[in-house]
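**Q** Those protein sequence lines, which keep their order, are chains D and C. Its first residue numbered 1, the first sequence is counted upward by one per residue in our numbering. Its first residue numbered 1001, the second sequence is counted upward by one per residue in our numbering.
Since the hints were made in silico from the structure, they are not lab data. Careful: at least some of the hints might be erroneous.
Said to hold, decoys possible - If we take Cβ atoms under 7 Å as the criterion, some of the chain C residues that face chain D in the derived model are:
1. H1027
2. T1158
3. S1161
4. S1167
5. A1171
6. G1291
As the list claims (entries may be wrong) - Straight-line Cα separation of at most 30 Å, DSSO-like style, residue types lysine-lysine; simulated pairs:
7. C:K1242 to D:K106
8. D:K275 to C:K1077
9. D:K87 to D:K106
10. D:K87 to C:K1077
All values derive from a computational prediction rather than experimental measurement. Backbone N, C-alpha and C fix where the C-beta goes; we use that ideal spot for every residue, glycine too.
Here are the chains, one letter per residue:
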Amino acid sequence: MLDSVILGDNQFFGINHRSPDAARQQEERFRSVGAIGGVLSDAYECGVRGFMLNTNSRAGEVCDWIRDNWGTRDPLGIYASLPYAHKYASMMNEMGAVGTFRELAKRMGGGKGLATAIGRGGRFLVAKDAVPLMRSLVDAEMSVFRGLPVRVIFLQNIVTDLLAGLGLWDMLCEYGRYVSDSLGCVPGFVTMNYPMVSQGLTQAGLDRGVICTNLNPVGFNMFPSQEAYEETLNSSRFDVMAMSIMASGAVSPTDAAKYLRQFPRVKSVVFGASKRAHIAETVECLRGIGQV
Amino acid sequence: MTGEKVGVGIVGFGRMGITHLSILNSHPQVEIVGVVEEAKLLRTFGGSALGVRMYESLDALLDNPELDAVVIATPPKSHDMIVRRCLDARKNVFCEKPLTESGVADAELAQLAYDNGLVNQVGYVYRAVSTIRRAREIVELGVLGSIYGFSSTIRASTVRSGQTNESWRSAAGLGGGCLLELGSHAIDLSVYLFGSGHTLSDVHGRSVVSGHVDDFVSLRLAYDLGFSGYVTADWMDVSARKASLSLEVWGHMGRMIVNPHEMKIFVEKDEGHGFPRGWSSDTVAAHGEPGRFYLRGSEFTRQLDAFVTACSGGATCPHACDFRDAAVTGNVISEARSVLSGH
Chain D
1 MLDSVILGDN QFFGINHRSP DAARQQEERF RSVGAIGGVL SDAYECGVRG
51 FMLNTNSRAG EVCDWIRDNW GTRDPLGIYA SLPYAHKYAS MMNEMGAVGT
101 FRELAKRMGG GKGLATAIGR GGRFLVAKDA VPLMRSLVDA EMSVFRGLPV
151 RVIFLQNIVT DLLAGLGLWD MLCEYGRYVS DSLGCVPGFV TMNYPMVSQG
201 LTQAGLDRGV ICTNLNPVGF NMFPSQEAYE ETLNSSRFDV MAMSIMASGA
251 VSPTDAAKYL RQFPRVKSVV FGASKRAHIA ETVECLRGIG QV
Chain C
1001 MTGEKVGVGI VGFGRMGITH LSILNSHPQV EIVGVVEEAK LLRTFGGSAL
1051 GVRMYESLDA LLDNPELDAV VIATPPKSHD MIVRRCLDAR KNVFCEKPLT
1101 ESGVADAELA QLAYDNGLVN QVGYVYRAVS TIRRAREIVE LGVLGSIYGF
1151 SSTIRASTVR SGQTNESWRS AAGLGGGCLL ELGSHAIDLS VYLFGSGHTL
1201 SDVHGRSVVS GHVDDFVSLR LAYDLGFSGY VTADWMDVSA RKASLSLEVW
1251 GHMGRMIVNP HEMKIFVEKD EGHGFPRGWS SDTVAAHGEP GRFYLRGSEF
1301 TRQLDAFVTA CSGGATCPHA CDFRDAAVTG NVISEARSVL SGH
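So that you can see chain D by itself, here it is in the shape it has in the complex (with noise of 0.2 Å):
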């Protein structure tokens, strides 16, 4: 079961997505993975359970620092997410794509044989190849949170909705099966296009996941609209984790749980804050979510 209150990461690694001097700040205050750790432990007499980390370049020393200083605690369910897009952006700028494919792919070790294949000049890069492929990058991307109870194991949303765009459901439906069936978590899908990616999910098959997407009373980030965002959540199959509740603070946190209580398809909630009080009054607005 899903934790009913999440705590996100950007405010960590100062991803403000609003306002550049506010991530200035954060990533000042939380230089030392400890002031990461002190806001956990906040979170955590708070009420909070659940914890979701991208695998970016800081993810190691965070999961390093709930590994030795977590102790006797309730477990803090891990909400891993991947890829760590920005490293693989930065790769395409270095080497272009055919570089990148080919760094991948021998990284990966993606069997020698991949890596041979492609070397050879991609004679025999065929489908199939893709979702080995896909495996070990999940693999590589996941080894940071050995130990830890990782609960779902969510898909970036650009990644998400790329192959959605691209009409690749069953290399999603390939990655929801591969999380299920050979890791043991919930595959889980951050999405900015939520109707699109419910329904091709529930085309293609897929019988379990979650979805984590943005979800708000006006509308903000919800694409097509807020009218498709309410249709799909009464129709859907999959649990939905919203996001982004409180539109960047356009809405506040009593009005946020309002409109979020409308759906029982929502069973949980990530949220970022890194002030105790803050995180103690959404916590406070959000009792009861998930629980319908």
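Fit chain C to the supplied structure of chain D, relying on the hints for placement.
**A** Below, chain C without anything else, positioned relative to chain D:
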């Protein structure tokens, strides 16, 4: 057009090409005719994993009778030749920025597109961002009073020292360099907001880490209307997480600071434009318009959807950058490049 749908081909299957493919493939009025890609590895991948018809040559794509429009996402050096051949074949063209490496060539292509009655658009994607659109509206409404200065800055950490920098972005021979890659956006924003009628001066640029091309460029544009501003592009800013653009405009009655996610405006007096005296944030603009699809932002979809609408006989988007507009930016780029290369 194949029935009600616009038949689109994509040239170049790198990072932008695949983004455009995903966006267009999800458009209900678009039929993907095929993708042209030189690299065999990417062609094999596209054909087998994505099930897209892959072409080795542009000619083969252009021969497909179902083709109405071409989206070009190859390195800048190749744009001139590819666009010209598409226009000669009477296909509508969307080309990634910059249109070509020369303002003269840009203007020729604009004329050719006009003569053949073809839709023509360049991927200056910031024009599809709602805060940037709002900024132009504010300038046009005169909210800031008489404008006397501006700055248009874009920073990224595209190249870093110690990297191999093998991509075309760092290759002068393929149309790489910070001026063409990022500076073109910052110059285009000045064209989008204030139009043409400027003179260029104070061009500076340096190659620091790439070793082959300019990594930092700044220049000044002085408008005939009596104001001027600085354009800065820097793609070796180690502090930049991803490309970040910021625009500031000063007028005798106010000032605005705009980035793709946020707009702040200061006005000296409430003149009934909806801004109270002092600083305020335009949250409507910051929250953006709804859109059909979101991939790497909603703006990439918004600009391509505008192109598809125009190709199917609908209205031309007033914000889109056509080849004529791109030629204004192209002239600035050409002139700046000749200063930088010492000619």
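**Q** Less than 7 Å between beta-carbons is the criterion; does C:T1158 satisfy it with respect to chain D?
**A** 5 Å, holds
**Q** Does D:K87 pair with C:K1077 here, judged by a C-alpha cut-off of 30 Å?
**A** 27 Å, holds
**Q** Take the shortest C-beta to C-beta distance between C:G1291 and chain D; is it under 7 Å?
**A** 6 Å, holds
**Q** Go through the hint on C:S1161 and say holds or violated, using the shortest Cβ distance to chain D against 7 Å.
**A** Given a least distance of 12 Å, the restraint on C:S1161 is violated.
**Q** Does the structure keep D:K275 and C:K1077 at a Cα separation of 30 Å or less?
**A** 50 Å, violated
**Q** For a C-alpha distance cap of 30 Å, please report whether D:K87 and D:K106 respect it.
**A** Judged against 30 Å, a Cα distance of about 16 Å means the pair holds.
**Q** Holds or violated: is there a CB of chain D closer than 7 Å to the CB of C:A1171?
**A** 10 Å, violated
**Q** Is the hint on C:S1167 kept, meaning its closest Cβ partner in chain D is under 7 Å away?
**A** 4 Å, holds
**Q** Quick check on C:H1027 please, does its C-beta sit within 7 Å of some C-beta on chain D?
**A** 9 Å, violated
**Q** Decide if the proposed pair is consistent with the structure: C:K1242 and D:K106, CA atoms, cutoff 30 Å inclusive.
**A** 26 Å, holds
Consistency with the previously given hints fails for numbers 1, 3, 5, 8, ordered from lowest to highest.
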